[in-house]
Amino acid sequence: MPKVWINGETCINVQDAEGVNVVHLTVDDKEIAVSGGQTILEAVERMPGIGNIPALCHHPAVKPYGACRICTVEVSEDGGSKFKFVAACLYPVKEGLVVKTNTERVRKLRKGIIELLLARCPNVKRIQELAEEYGVEKPRFILGDQDCILCGLCVRACQEIMGKSAISLVNRGIYREVAAPFYAYELTEDCIGCGDCAFVCPTGAIEMGPDGKPILPKVKIPYAEIEAMMKKETVATS
Amino acid sequence: MVEQVRKLLEKRAGSAAELENLRQSILDKRDTNRACISVCGGTGCRASGAEAVVDAFLDEIERRELQIQVELKETGCHGFCERGPVVVIRPKNIFYQRVKPEDIPEIISETVLGGKIIERLLYVDPVTNEKIVYEPDVPFYKRQTRTVFGANGEIDPTNIEDYIAVGGYSALSKALLQMSPDKIIEEVKKSGLRGRGGGGFPTGRKWQSCRDAEGKIKYVICNADEGDPGAYQDRSLLEGNPHSVIEGMIIGAYATGSQRGYIYVRNEYPLAVSHARIAIEQAVDYGLLGENILGSGFNFTITINKGGGAFVCGESSALMASLEGKIGEPRAKYVHMSEKGLWDSPSLLNNVKTWANVPLIINKGAEWYSRVGTAGSKGTMIFSLVGKINNTGLVEVPMGITLREMIYDIGGGIPNGKKFKAVQTGGPSGGCIPEKYLDTPVDFDELTKLGSMMGSGGMIVMDEDTCMVDVARYFIEFLKGESCGKCTPCREGLNRMSEILGRITQGKGKREDLDTLEDLAGILSGGALCALGQTAANPVLSTLHYFRDEYLAHIDEKRCLAGVCRELIQYSIDPEKCEGCLRCLRGCPTGAISGEKRQPHTINQDMCIKCGACYDVCKFNAVVKR
Chain L
1 MPKVWINGET CINVQDAEGV NVVHLTVDDK EIAVSGGQTI LEAVERMPGI
51 GNIPALCHHP AVKPYGACRI CTVEVSEDGG SKFKFVAACL YPVKEGLVVK
101 TNTERVRKLR KGIIELLLAR CPNVKRIQEL AEEYGVEKPR FILGDQDCIL
151 CGLCVRACQE IMGKSAISLV NRGIYREVAA PFYAYELTED CIGCGDCAFV
201 CPTGAIEMGP DGKPILPKVK IPYAEIEAMM KKETVATS
Chain A
1 MVEQVRKLLE KRAGSAAELE NLRQSILDKR DTNRACISVC GGTGCRASGA
51 EAVVDAFLDE IERRELQIQV ELKETGCHGF CERGPVVVIR PKNIFYQRVK
101 PEDIPEIISE TVLGGKIIER LLYVDPVTNE KIVYEPDVPF YKRQTRTVFG
151 ANGEIDPTNI EDYIAVGGYS ALSKALLQMS PDKIIEEVKK SGLRGRGGGG
201 FPTGRKWQSC RDAEGKIKYV ICNADEGDPG AYQDRSLLEG NPHSVIEGMI
251 IGAYATGSQR GYIYVRNEYP LAVSHARIAI EQAVDYGLLG ENILGSGFNF
301 TITINKGGGA FVCGESSALM ASLEGKIGEP RAKYVHMSEK GLWDSPSLLN
351 NVKTWANVPL IINKGAEWYS RVGTAGSKGT MIFSLVGKIN NTGLVEVPMG
401 ITLREMIYDI GGGIPNGKKF KAVQTGGPSG GCIPEKYLDT PVDFDELTKL
451 GSMMGSGGMI VMDEDTCMVD VARYFIEFLK GESCGKCTPC REGLNRMSEI
501 LGRITQGKGK REDLDTLEDL AGILSGGALC ALGQTAANPV LSTLHYFRDE
551 YLAHIDEKRC LAGVCRELIQ YSIDPEKCEG CLRCLRGCPT GAISGEKRQP
601 HTINQDMCIK CGACYDVCKF NAVVKR
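Keeping their order, the protein sequence lines are chains L and A. Note that our numbering gives residue 33 to position 33 of the first sequence, counting from 1, and the numbers run on in steps of one. Note that our numbering gives residue 473 to position 473 of the second sequence, counting from 1, and the numbers run on in steps of one.
Isolated chain L, as found in the complex (with noise of 0.2 Å):
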């Protein structure tokens, strides 16, 4: 018997869901009701046995972000001739969408992202245990050593749950960092010290000081023959 889920609080039998905004879809092969306004993420994750979809920058008390893109899936719109990917953590059901969470290409593409994620961070214990489920072994990169991987998670609880903002993601591409807004030396007042960041953080990046605060990730630009390459270039041109 399907079942309906209202705001992943309650569950009831869809025949006693009269009224209430039920959108049908197939996931991996298995048609389930779920209520709609939520994500194919939300909605699977409340699915137990449904779905295989990693995610690592998602979190259920914050706003979905979709910067890791573990969480990506296969979709089709029309039934299942077109498929396209799309990050589970922000694609709304749809009536009749089609879902599916681990094909080959799927899994490609999470190997791909976590070979990148696992060269960035090589001794994360969370990105060694995607590693092995997706069969990366050793990343084709110069290895960094960073335990940051950027998911905001950290940001986004400042921010959405405690209000605080007091720290925030700075810089671009790969030199973006968290640190305190503007790159103040030091963290303001703004931060009470709620451990929030530390909490959920999926890497254990962040750590509380001494003084109650949390100590933020440093970015080592482990980009060390990059660098060597750019010093020459400019010495050779100035």
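Errors might be hidden in some of the hints.
Derived list of chain A stretches under chain L, where covered just means 3 residues or more per stretch with a C-beta under 8 Å from a C-beta of chain L [said to hold, decoys possible]:
(1) 320 to 332
(2) 472 to 483
(3) 490 to 497
(4) 518 to 528
Residues of chain A clear of chain L, computed beta-carbon distances all greater than 10 Å [to be verified]:
(5) Arg90
(6) Gly115
(7) Thr301
(8) Cys581
Hints listed in this document are in silico derivations from the structure and should not be mistaken for laboratory results. Positions of the beta carbon are idealized from the N, C-alpha and C atoms, including for glycine.
Could you slot chain A onto chain L? The hints should help.
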């Protein structure tokens, strides 16, 4: 005070009839036989010294007291930037190029007053060596269809009356007073206009979706955050004809039910910002913007917002985040921006060029508009033709023109008799198209089929001296620097691509690197959050596809066929040819060259930094690059 108010009311058009009266009175005041010197004041010509030319003209006109007989107009960009500063003397349309302030007294006395042509300032056709007198006869202009861009050379962008004189705001009056919003959207849909910013989404459908979206407040946005290397057509349009963009925006706002508009423009475009600001102020003064536009009861205001210089803010969702005062990062667009955009309200965002097309469609009708172009892409497109090409500049051509016509007929071919190698279209996320596809018609779909894209209309021509691996490295390096860093594939993937490409150009590449590059490309196109990341691998994929042999030469033979990659080339001196003139010896910055006068010189390879200075200065072709 009373006098000022009276003046303000006088020029204010409160109805369609008053706008027409105003137009007529502007035209009546003008003498079509009066000499008009039109100097290009676009940023390109300014860089070549157009401001000094304008000052010289002003001085000369004042000195000779010719203010009544001669009109001087500093217009927007004419497009032929290669030959700047460009001066056109109307009504005869005599075309002078590379004009210097010293030439001005002669131009005034000989041409403007005497009616004679100054031979040395004429444009010489590089193919026929013929001197060309009149602007429309210049091959660069002759082959173009300048429907959107044409007025640029005729109007002073800081004077709204110039725009009204060429029929400006008549489309607005028609749309507001004679057409319903649905009729307007129908017309835009029928015209087949597609977004000129890069995506090529059908404009009419976007408008419809914004009109249908529920929301009390809706926004209209003009995307002028042009950031592609080598592209500047949006800037030139906003600088040269800001009113056409504003008119398009007002029509779009009326059609979708919006009352608030934004122009998001790069801070690095000060002239565009200033011209857009003047244009908005003037449009308000003339009753064409603000409350109760042309007496229709429709209200609309436009605010200018300057961008902070991030390439990614040209992406619509990042642009809106930036407008909201947040970090300019894209968000997922599974719900379209036209339904939930700026501050979660329905938002209609179009590129500068798209907006400028709208008045044309309303004025002349969808049927007229769709006569030009191909089956899937209608109208004209403005390209910036740059790189290794004789006629650098902005060109407006009908969709469906071939690449060959653009490069050889309009662009005048490759300089110094070099051979064409590839053309890179669509900005940094576009691809490189080789010679065998030069006869492809240029439109949205055909370029995509070749692994490139239309993008915003950038077109970079490359000759035989260009190393395609180095080109791919350059664009990936650019994109890596501009990646916002939000999603893993773009942030980490581009970094790793640049790592690998850097290695290959240094001769340290391996065969497996090519597979890794292809894998990374797949991750980017499938996994990245926004369109910039999804298309970022195009430069690598297209060069790998069309120029694989160059990659292999770098990897297997450690050779750069084009002689670009510094680590793979060596300079040496041919003792047979060397005359011992000491030029290279004196020019070498590291002192790597030794030798006596009239004796063959030699290069110490350990000290050589491969800057190529010796190669450039040698008059006997004795320096050999391998």
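How the hints compare with the structure:
no., hint, in the structure
1, 320 to 332, "holds (count 3)"
2, 472 to 483, "holds (count 4)"
3, 490 to 497, "holds (count 6)"
4, 518 to 528, "holds (count 7)"
5, Arg90, "46 Å, holds"
6, Gly115, "52 Å, holds"
7, Thr301, "31 Å, holds"
8, Cys581, "26 Å, holds"
Taken one by one, the earlier hints all hold for this structure without exception.
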